[in-house]
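> Here are the chains, one letter per residue:
Protein chains: 2
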Amino acid sequence: MNSHFYFLWPADLYEHERRGIYYLWIVNEKILEYFLQLVPLSEESIAILTANLEHKTLEKGEAVLKEGQICTDVYLVEKGYLRTYYNKDGIEINIHFNFEGTFATYLKSSKVGEASAFTIEAGEKSEVWILSRQKLVDLSLLYPDIMLLSRRVISRILVDTSANNSLLRIYSPAERYQYIEKNNPQLLQRVSLSHMASYLGMTRRTLTRIRGKK
Amino acid sequence: MNSHFYFLWPADLYEHERRGIYYLWIVNEKILEYFLQLVPLSEESIAILTANLEHKTLEKGEAVLKEGQICTDVYLVEKGYLRTYYNKDGIEINIHFNFEGTFATYLKSSKVGEASAFTIEAGEKSEVWILSRQKLVDLSLLYPDIMLLSRRVISRILVDTSANNSLLRIYSPAERYQYIEKNNPQLLQRVSLSHMASYLGMTRRTLTRIRGKK
DNA sequence: GCAGGTGTGAGACAAAAGTCTCAAAATGCA
DNA sequence: TGCATTTTGAGACTTTTGTCTCACACCTGC
Chain A
1 MNSHFYFLWP
11 ADLYEHERRG
21 IYYLWIVNEK
31 ILEYFLQLVP
41 LSEESIAILT
51 ANLEHKTLEK
61 GEAVLKEGQI
71 CTDVYLVEKG
81 YLRTYYNKDG
91 IEINIHFNFE
101 GTFATYLKSS
111 KVGEASAFTI
121 EAGEKSEVWI
131 LSRQKLVDLS
141 LLYPDIMLLS
151 RRVISRILVD
161 TSANNSLLRI
171 YSPAERYQYI
181 EKNNPQLLQR
191 VSLSHMASYL
201 GMTRRTLTRI
211 RGKK
Chain B
1 MNSHFYFLWP
11 ADLYEHERRG
21 IYYLWIVNEK
31 ILEYFLQLVP
41 LSEESIAILT
51 ANLEHKTLEK
61 GEAVLKEGQI
71 CTDVYLVEKG
81 YLRTYYNKDG
91 IEINIHFNFE
101 GTFATYLKSS
111 KVGEASAFTI
121 EAGEKSEVWI
131 LSRQKLVDLS
141 LLYPDIMLLS
151 RRVISRILVD
161 TSANNSLLRI
171 YSPAERYQYI
181 EKNNPQLLQR
191 VSLSHMASYL
201 GMTRRTLTRI
211 RGKK
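Protein sequences, first through last, are from chains A and B. Each residue of the first sequence is one higher than the last, beginning at 1 in full-length UniProt numbering. Each residue of the second sequence is one higher than the last, beginning at 1 in full-length UniProt numbering.
In short, the hints are calculated from the structure, not lab data. It cannot be assumed that every hint is accurate.
The list treats identical chains as interchangeable, and a pair is accepted whether it falls inside one copy or across any two copies.
[As the list claims (entries may be wrong)] Dumping the calculated DSBU-like pairs for lysine-lysine here, alpha-carbon to alpha-carbon at most 30 Å:
1) LYS135 to LYS108
2) LYS125 to LYS213
3) LYS125 to LYS56
4) LYS213 to LYS79
5) LYS135 to LYS213
6) LYS79 to LYS30
7) LYS79 to LYS60
8) LYS60 to LYS213
9) LYS60 to LYS182
10) LYS108 to LYS30
11) LYS135 to LYS182
12) LYS108 to LYS79
13) LYS60 to LYS125
14) LYS88 to LYS56
15) LYS79 to LYS125
16) LYS182 to LYS30
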């Protein structure tokens, strides 16, 4: 995709370029919806955004971001899910799971450029769309609706990741499991119990004990 | 403070009004610095912002936001500290502590208007400045630098509150204590052990055991 | 169908954390 | 200074969670 062309002269698109964008629009209808759920976008902004998305197919276990790398992109999950984990002495501790329609990135002190403490990889065979954070900033300066979108995306990521912030503090292990069972059952259906255990801040043994008691 | 006057005709301030603002500016030099650390502001924006700040002195245990209330403001701590806690069956579980120069609010799904699950009260005798979130939004539309400020404030709050997000998941109780000891020692100096315990996701007994072992 | 990898459930024991309690220490205030 | 309140440290015991282990079920590809 010749994204620079769109970036520099968005108003000057040739007809065949427009057709190209229209084609993309059809292909990524679902993805577009995810953006439009956050904020209404003009046709031009949609074209620019779509042109700047990069598609990637990930096999299970394939990483989009590895520990120590610098995270320059935002990942939007189309299919499958991304698993964010921390490696503690060879043991993976799951921090977050991103399912269809959600955004993932490594945000630390809200700056681009800090080495990631986490690895983000596909939990199952997945389709993701990659959006450069720098490009998002650049486009924000030109398009007010993209500025809004960029705020919402980052804000959504932060709210999502901190949603379970107090879970471990407030609830007992059994209560945490019940909370997920009630509020996020798809987690239990799609994520293995071993992964759930570290996500819930307990060992696999404790988790099976809780499940057994019911 | 006749904040509406400034809000509607910021450029038309009378001389004595300007003097009023100048006076405020002197009084809140420290507060102003907290804003300027986040983003450079024009003199006009500073005047508007300062005129829209409301000062409050809080006794220890006095709340700025109670569970069930709707949080419409952002609180900036000048002196003392704010304690955010969740009430679980009569037991207070501490979620966050806000010291001098930090911002507190109840952010849930980044919307204004959801009843707060937490109470925010003074942990010691405190001086706070209150800024309406709605006003921040309104001013953002008029002043680009306040728009930036508003983003930074919210983003700062989110990053701060989610900084310890993975602490409970990744570290053992003893490691959590050591982490705080190393990265946030003022917490241990100013917050009582009972409050620290629930913040660290353990009981007071466990915390004293950890401290005793050193 | 079968071999090999992956995920799961549970027993046995060890270790850690929680509960209840109370006396000592620290703090605040008149 | 002295009294009342709050905060803390720790003993004794119970309950929960973790560690190590192994057998079994379930896929998947050959």
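> Where does the structure disagree with the numbered hints, that is, which hint numbers, in rising order?
2, 4, 5, 8 and 11
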